[in-house]
Structures are given as structure tokens and as C-alpha cells.
Amino acid sequence: MDSTYNFFATISRMKYIERWALMRNSRPENLSEHSCEVAMISHVLCSMANVRYGHELDANMAALIGLYHDTTEIITGDMPTPVKYFNSSIRDAYKEVEKVAENTLLDRLPDDLRPIYEKIYKGCGCKEEAYMRSLIKAADKLSALIKCIEEERSGNTEFKTAKESTWKSVNELCAKYPEVLDFVNEFLPAYGRTLDELSRG
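The opening position of the sequence shown corresponds to residue 13 in our numbering, with each subsequent residue numbered one higher.
If you're looking for bench data, these hints aren't it; they were derived computationally from the structure.
Heads up, some of the hints might be wrong.
Unchecked claim - Quick list of in silico lysine-lysine cross-link-like pairs, DSS-like style, CA-CA up to 27 Å: (1) K149 - K134; (2) K139 - K27; (3) K175 - K134.
As the list claims (entries may be wrong) - If you anchor each label on the Cβ, the simulated ranges turn out as follows: (4) S24 - D123: 18 to 24 Å; (5) R212 - D119: 29 to 35 Å; (6) N183 - T22: 18 to 24 Å; (7) Y65 - Y17: 39 to 45 Å; (8) E68 - V112: 30 to 36 Å; (9) N62 - G137: 30 to 36 Å; (10) N115 - S24: 38 to 44 Å; (11) N183 - G204: 17 to 23 Å; (12) K180 - L34: 30 to 36 Å.
Here a beta-carbon is modelled for each residue, glycine too, at the ideal position from N, C-alpha and C.
Construct all of the structure, not just a fragment, from the sequences and the given hints.
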């Protein structure tokens, strides 16, 4: 009987899934890259929440959730945002599909490890989890904005409308979460700069 598990071999296929499938990209972005960026931004948002605003968030768990937040797309594929949120029926149906995909992935783990990864996918029960997951969603939106900025700086006008709509969403998040506003003010301006500009900065 085969005693091997293919959870991580499946997860490793994130690098083959390209985002922004309906857009002309100056440089393709794969799901693995995006997830790494979301993980880092999630970590710093939660760290700022703790250091500056008196929260008690698990920044390390936030980074893990950010790292795994889109792994279901290995099974479902990356559904473009305009399609996913076209109406409430499609949105709700896709959420159900994501739940099935989550369980499919978790079934690819040995029984003794499954509870560890269930916490990542379904909830860790830690203090202020709802706030933490809101910041992870904000990190996801910031990552999308960063992609739009980088495409624009490369001379690609394809992302103009996407940038405008994403900025609107980020501004709404800034009004609600001071950590997001801090990231936008302190870190976002450096994105899209050249290596020489970053070195001088």
C-alpha cells in the first residue's frame, strides 16, 4: 500500500498558475510569487497592528495563511476577478468550490499533520483572528495594486483601469485599518522604482 502523500507536490504547482489571465502583462506573475508577497505583507501589517495599535495578532500565522491563501486555485484555476465577483450567485458558488478544493488538498496529508494545516485554511482559533484575516485580505489587495504599479511603470497601459479600481479598494481599507494606511504611506511609494533608485533611497 502506498504510504506517500502528495500535498506538497501539489502545492509546488503554484508556480505554473499565471495570474491576470485576461490582461496583457509585461512580465507574467505566477501564483507562487503572489503568495510569497501576500505572506510578507500580511506579516508586516500584523506586526504594525501589534507594535503601533495595541493588537495581539499572530503575525507568523498570518504569514502562513498568506502563503497558502490561494492554493485552492491549483484545483480550481485562477478565476479572473471580474468573473468571480460578477454577481452574488457566482461569488457564492465559487466559495463552495473553494471549500471543496480545500478539503481535497487537506486529504492529501497524513492524519497526524492534517490538524496543523486545517488551522491555516479554516481558522486557528487565535485571539483577534477575524482582524488578522481582514489584514491578510488587505495584503492580497495591496499585492494586486503593486502589480498594477509595476506594470504601469514598465509602460503597460493595460492595467490602467485595474489600478484605478484597486486603488479605490485600498483607499477604503486605509480608512478602516490604520496598518494599511501606514503601509501605503511608508512602503508603497518605493514599488516600481528601478534598482538604482532603490539603492539611492
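Inset, instruction - For the range 30 to 36 Å, tell me whether the beta carbons of N62 and G137 fit it or not. - result: 18 Å, violated
Legend entry - Verdict for N115, S24 (Cβ pair) under range 38 to 44 Å: Because 20 Å falls outside the window, the suggested range is violated.
Inset, instruction - Take a quick look at whether K149 and K134 sit within 27 Å of each other, Cα to Cα. - result: 15 Å, holds
Inset, instruction - Mind checking the hinted window 18 to 24 Å against the Cβ distance between N183 and T22? - result: The hinted range 18 to 24 Å is violated for N183 and T22, with Cβ atoms some 37 Å apart.
Inset, instruction - Given the range 17 to 23 Å, decide if the beta-carbon distance of N183 to G204 lies inside it. - result: The hint (17 to 23 Å, Cβ to Cβ) holds, given that N183 and G204 are roughly 18 Å apart.
Inset, instruction - Can you let me know if the beta-carbon spacing of R212 and D119 is within 29 to 35 Å? - result: 51 Å, violated
Legend entry - Distance restraint between K175 and K134, which requires alpha-carbon spacing of 27 Å or less: 31 Å, violated
Legend entry - Hint check for V112 and E68 - Cβ pair distance inside 30 to 36 Å: Check passed, 33 Å falls within 30 to 36 Å.
Legend entry - Y17 and Y65 - C-beta distance against the hinted 39 to 45 Å: Taking Cβ atoms as reference, Y65 and Y17 lie about 40 Å apart, which means the hint holds.
Inset, instruction - Using the beta carbons of S24 and D123, state whether their distance is inside 18 to 24 Å or not. - result: Given about 22 Å between the Cβ atoms, the range holds.
Legend entry - K139 paired with K27 [C-alpha distance capped at 27 Å]: Violated, because 33 Å separates the two Cα atoms, which is more than 27 Å.
Inset, instruction - Hint says 30 to 36 Å; check whether the CB-CB distance for K180 and L34 agrees. - result: 19 Å, violated
Hints 2, 3, 5, 6, 9, 10 and 12 from the earlier list are contradicted by this structure; the remaining hints agree with it.
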